[in-house]
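K.L.:
Start from the sequences, fold in the hints, and give me the full structure.
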Amino acid sequence: MRLILTTIAFILIASPILIASPGWAETESPDHAVIAPPSCSNNLGESVLFKERNSDNAKFAAGMARRDGDGNPVVNRFNFDQAPAPLQAFIDLHECAHHQTGDIDRPHPPRNSPEHLMNESIADCIAILRIRDDARYSDIDFADVATSLGEAMGTAGFPEISISSRVSNIRHCHTNYASAATFVDGVLTERGLK
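The numbering of the sequence shown is this note's numbering, which starts it at 89 and goes up by one.
These are calculated hints, taken from the structure and not from any lab test.
Just so you know, nobody snuck in bad clues.
Calculated pairs, EDC-like style, for lysine to aspartate or glutamate (alpha carbon to alpha carbon, straight line, at most 16 Å):
#, residue 1, residue 2
1, 139, 156
2, 139, 169
3, 282, 134
4, 282, 193
5, 147, 239
6, 147, 119
7, 147, 169
8, 139, 158
P.N.:
Structure below.
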């Protein structure tokens, strides 16, 4: 009887602590508010549509820039309720950058090739510059993005060297480059798309 009472007491005392724990809540039941998507136009001046795409099996948020079946430029937002606002903003702006730089309408380089990794680095750079300079994101700082991105990449199984390299590139862009518009203009000029 004493064991039963001790077990019941433990359940009554420990359950609220486990349920109320922020770490527990974030890993077991996502409850992040989904932010509104940013304004985004591609290099041709077309407005980019943002579409919610969720899966019950996903463990982290992701995005994908592409053209839909009707040829419209879109960003698919996957499971954004799994991520804090700084990461949601970064993903949106990263995917928007693929449209801004014309990546979507160019042949896609082989995955993990130098060309592919350069496209990803450019999109990261544009995303962090927009977060840095856009008043809409004034409550998000570099550390918020770096922390949430690193955690998400770790959850997705990326090795630490990949995470630290990506964060280092984003930090370099955040610290050393002018506006996102100037950066995009330079990319388009270099690619002969301007």
